[in-house]
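Visitor: Chains as they are written, first to last, in the numbering used here: chain A, 119 to 418; chain B, 12 to 288.
Don't take each hint at face value.
[Unchecked claim] In silico contact screen, one side only, chain A against chain B (beta carbon under 8 Å); selected entries: (1) 170; (2) 213; (3) 221; (4) 222; (5) 225; (6) 371.
[Stated by the list, open to error] Here are the computed lysine to any residue pairs in the SDA-like style, where the Cα-Cα straight-line distance is at most 25 Å: (7) B:285 x A:260; (8) B:285 x A:143; (9) B:32 x A:176; (10) B:285 x A:166; (11) B:285 x A:383; (12) B:285 x A:360; (13) B:32 x A:143; (14) B:32 x A:184; (15) B:285 x A:176.
Read the hints as simulated data drawn from the structure, not as lab findings.
What you are looking at is a predicted structure, and each value in this text was computed from that prediction instead of being measured.
C-beta: ideal position from N, C-alpha, C; glycine also.
Each chain is listed here by its residues.
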Amino acid sequence: MPDSPFPALRLRGVVKRYEQIVAVNGLDLDVPTGTCVGLLGPNGAGKSTTMRLLTAQAIADEGEIEVLGYELPRESKQARAECGVVPQLDNLDTTLTVEQNLVVFSHLYRVPRSERQAAIDRVLEIANLTGRRDTRVDELSGGMRRRLLIGRGLIHQPRLVLLDEPTVGLDPQVRQELWALIDRLRSEGVSILMSTHYIEEAERLADTVMIMSHGHAVASGKPADLVAEHAGTEVVEVYGSPAKLAEVETEAKAAGHRTRRTGTSVTVLDASSNGYSADGVTRPANLEDVFVVLTGEEIA
Amino acid sequence: MTGATATHEQLAPPPVRSTRKLHRFERSAIGGVLVREMINFSSYWRSTTFSSTIEPTIYLLAFGFGLGSFVATVGNGIAYEDFVGTGMVAMAVLFASAMPSMFGTFVKYQFQHTYDAILAAPVDTEELVTAEALWMAMRAGTYGCAPLLVAIAFGLDPSWGMLAVPFFNFVAGFGWSCFGIAIAAFLKSIDNFSYVTSAVITPLFLVGGTFWPIDRLPEWAQVLAQMNPLYHLVELVRHAAFGFEGWADVGHLAFLVVFGLLTWRVAIVGMTRKLVD
Chain A
119 MPDSPFPALR LRGVVKRYEQ IVAVNGLDLD VPTGTCVGLL GPNGAGKSTT MRLLTAQAIA
179 DEGEIEVLGY ELPRESKQAR AECGVVPQLD NLDTTLTVEQ NLVVFSHLYR VPRSERQAAI
239 DRVLEIANLT GRRDTRVDEL SGGMRRRLLI GRGLIHQPRL VLLDEPTVGL DPQVRQELWA
299 LIDRLRSEGV SILMSTHYIE EAERLADTVM IMSHGHAVAS GKPADLVAEH AGTEVVEVYG
359 SPAKLAEVET EAKAAGHRTR RTGTSVTVLD ASSNGYSADG VTRPANLEDV FVVLTGEEIA
Chain B
12 MTGATATHEQ LAPPPVRSTR KLHRFERSAI GGVLVREMIN FSSYWRSTTF SSTIEPTIYL
72 LAFGFGLGSF VATVGNGIAY EDFVGTGMVA MAVLFASAMP SMFGTFVKYQ FQHTYDAILA
132 APVDTEELVT AEALWMAMRA GTYGCAPLLV AIAFGLDPSW GMLAVPFFNF VAGFGWSCFG
192 IAIAAFLKSI DNFSYVTSAV ITPLFLVGGT FWPIDRLPEW AQVLAQMNPL YHLVELVRHA
252 AFGFEGWADV GHLAFLVVFG LLTWRVAIVG MTRKLVD
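Can you make the complete structure from the sequences, with help from the hints?
Guide: Spelled out as structure tokens, the structure:
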């Protein structure tokens with residue numbers, strides 16, 4: 119990729135209100151060209167609203183949004199022409215075949231007539247659906263449909279791809295398959311913004327992760343840096359009766375450690391520093407610890 | 012994923028393109044939405060064609076020959092079955108445009124999320140609404156001719172003026188489609204559609220002139236008829252079949268054009284409110 123004079127995506131102080139709710143509350147976000155940024159947050163953190171703002175399907179009340187150097191909402195059509203969108207909700211035409219769905223989007227994305235067939239063949243190849251081109255969408259498996267949904271967003275070879283919860287509701291092995299697909303895109307230099315609430319997904323695919331809560335960023339950086347900063351290198355998980363867990367929490371807090379509760383245990387973060395010890399299982403800190411501590415939400 | 016290395020290169024985005032400036036109304040955006048409708052249509056055209064041919068045939072048999080056995084001629088000596096056959100064109104247009112666009116728009120918006128996908132592409136609400144209405148208008152323009160063909164098969168004399176009927180149907184169909192889209196945009200639930208069909212669309216027949224001439228109706232009904240797009244199309248089609256009436260027909264056509272322009276803008280405003288937060 120040639121060096122781009124502007125980031126693929128740039129948001130400053132973006133606010134979006136719905137009646138009483140502030141869905142996005144002063145969000146700053148950068149996606150440098152050629153990187154994959156993971157937008158990680160619990161349900162209701164404002165991830166989907168952020169995604170809608172980027173295609174001008176929602177209009178920000180305050181702040182600046184630039185997509186591929188185009189200013190939104192004024193130049194959003196131009197921006198949309200150059201970025202690919204993979205929605206969270208499957209909105210394929212289910213009574214059409216795989217290929218017909220791609221034909222429609224090759225028109226919507228202005229793929230020139232002479233390049234149309236090649237573009238469709240390329241996407242079928244990427245999505246591993248070449249043998250299914252004449253299958254009706256309602257006869258595809260869930261994983262195939264999601265691959266088609268991703269492929270559809272790549273029909274015009276976009277420089278920026280917006281993925282909204284790309285693997286939500288899929289089997290683990292299907293998810294792995296999609297990760298391989300997304301990872302390939304990333305290795306090709308396509309800029310990616312991906313919202314997700316799967317920690318592992320963000321950890322594996324994203325160069326940088328931004329953790330969102332209540333409409334704004336609570337932390338952002340490389341996954342490993344975030345872990346080191348907010349959860350240390352090791353954590354201790356202590357199991358026991360509710361009374362014991364409460365005791366451990368109090369002790370840990372007194373010693374200056376952050377803790378998180380899971381159903382049956384307390385996890386004491388940054389356990390290796392200032393010699394904290396407790397009877398528990400020591401394990402390396404991970405992004406989930408950071409997520410839970412910063413958003414106050416457990417992972418389902 | 013298999014075959015990753017084989018297609019490695021193909022994934023890379025092309026060098027930064029000198030993209031041309033996109034305009035407010037893009038022919039290719041409207042074309043894209045039309046292509047979607049046409050491909051979809053290829054999977055259900057048989058049933059649509061069947062019902063739009065059978066329905067006028069049944070109406071023509073029921074009214075034309077049933078009621079026609081009591082009423083020989085209407086107005087200027089037109090045979091009653093010819094009167095109904097031509098009048099039903101406007102009804103066919105209404106049913107081929109207002110109804111499908113009401114329900115179709117709601118389904119595509121609410122259940123299939125089709126419009127979310129289209130608006131994420133370089134297509135604006137204005138283009139989307141225009142394309143959908145154009146498509147329905149083309150369909151209505153075509154299917155609206157079915158009753159005329161059925162009537163001809165039952166003995167109506169063909170005339171050159173009838174060649175203008177698809178065009179009149181198209182103009183009226185565009186207005187009705189936009190009307191349907193606007194209804195879908197402003198109503199919150201599909202259950203409320205029955206209020207529109209029973210309180211708005213059905214009464215239009217009363218003062219539409221399809222089955223009986225409106226000049227025998229009370230004066231208030233005649234005034235209402237002047238505001239009824241259905242009536243203006245009925246008149247245009249009858250005059251196309253039995254002889255145009257100069258400025259009166261220009262007036263009927265002008266009414267339909269204004270109806271189309273107004274509903275078009277209302278539909279765009281309504282859908283923008285619905286689709287863009």
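Visitor: The structure should be examined with respect to each hint, and the outcome stated for every one.
Guide: Quick rundown of the hints versus the structure:
1. 170: holds, 7 Å
2. 213: At 5 Å from the nearest chain B Cβ, residue 213 of chain A passes the 8 Å test, so the hint holds.
3. 221: Holds: closest Cβ of chain B sits about 7 Å from residue 221 of chain A, inside 8 Å.
4. 222: At about 4 Å, which falls below the 8 Å cut-off, the nearest Cβ of chain B leaves the hint on residue 222 of chain A intact, so it holds.
5. 225: holds, 4 Å
6. 371: With Cβ-Cβ at 42 Å, over 8 Å, it is violated.
7. B:285 x A:260: Violated, at about 29 Å.
8. B:285 x A:143: holds, 23 Å
9. B:32 x A:176: Since the Cα atoms of residue 32 of chain B and residue 176 of chain A sit roughly 23 Å apart, the hinted pair holds (cutoff 25 Å).
10. B:285 x A:166: Distance ~17 Å between residue 285 of chain B and residue 166 of chain A Cα, so the pair holds.
11. B:285 x A:383: Cα-Cα ~46 Å, so violated.
12. B:285 x A:360: Cα-Cα ~49 Å, so violated.
13. B:32 x A:143: violated, 32 Å
14. B:32 x A:184: holds, 17 Å
15. B:285 x A:176: holds, 11 Å
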